[in-house]
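Student: Sequence:
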Amino acid sequence: MKTFVKYGFGAAFALLLMSAVMQVLSAQTILRNGVPGSNDVLDKTPKRVTLFFTEKIDPAQSSLQVFASDSTRVDDGKPFCSENHKNMGILLRETGPGQYTVRWAIVAEQSGKQTGTYSFQIGKKP
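Read in order, the letters of the sequence shown are residues 1 to 126 in our numbering.
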């Protein structure tokens, strides 16, 4: 009987802990995809960068920037959002070969503020 009670409380605690972790993870907005994507190698400059998130974001409190390897911005400075507020994009100026970094910051309805970066390449990797 003592063994059952001991393991029963342990199992109940483990289930409670797993439930709490799952709630935290499920509340996290995730960058589902980016176009161009992380580590993509492109032949020419894309017209835009578009990010796809798993939940609605607040466009007024979110930002998207694209930088060349010398830290100069290569976007037009005017991020836009889709009607469903799950996609954010920005137009790019014509650029040359090199590595580019996408930097984003969002405020999502459910999970609050999040930031991230990733890079893509135009032209062959050195």
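Be aware that one or more of the hints could be misleading.
[Unchecked claim] In silico DSS-like cross-links for lysine-lysine, where the CA-CA straight-line distance does not exceed 25 Å: (1) K86 / K56; (2) K124 / K86; (3) K113 / K56; (4) K47 / K78; (5) K113 / K44; (6) K124 / K56; (7) K86 / K47; (8) K47 / K124; (9) K78 / K56.
No lab work stands behind these hints: they were computed from the structure.
Student: Which constraints among the numbered hints does this structure fail? Numbers only, ascending.
Tutor: 2, 5 and 6
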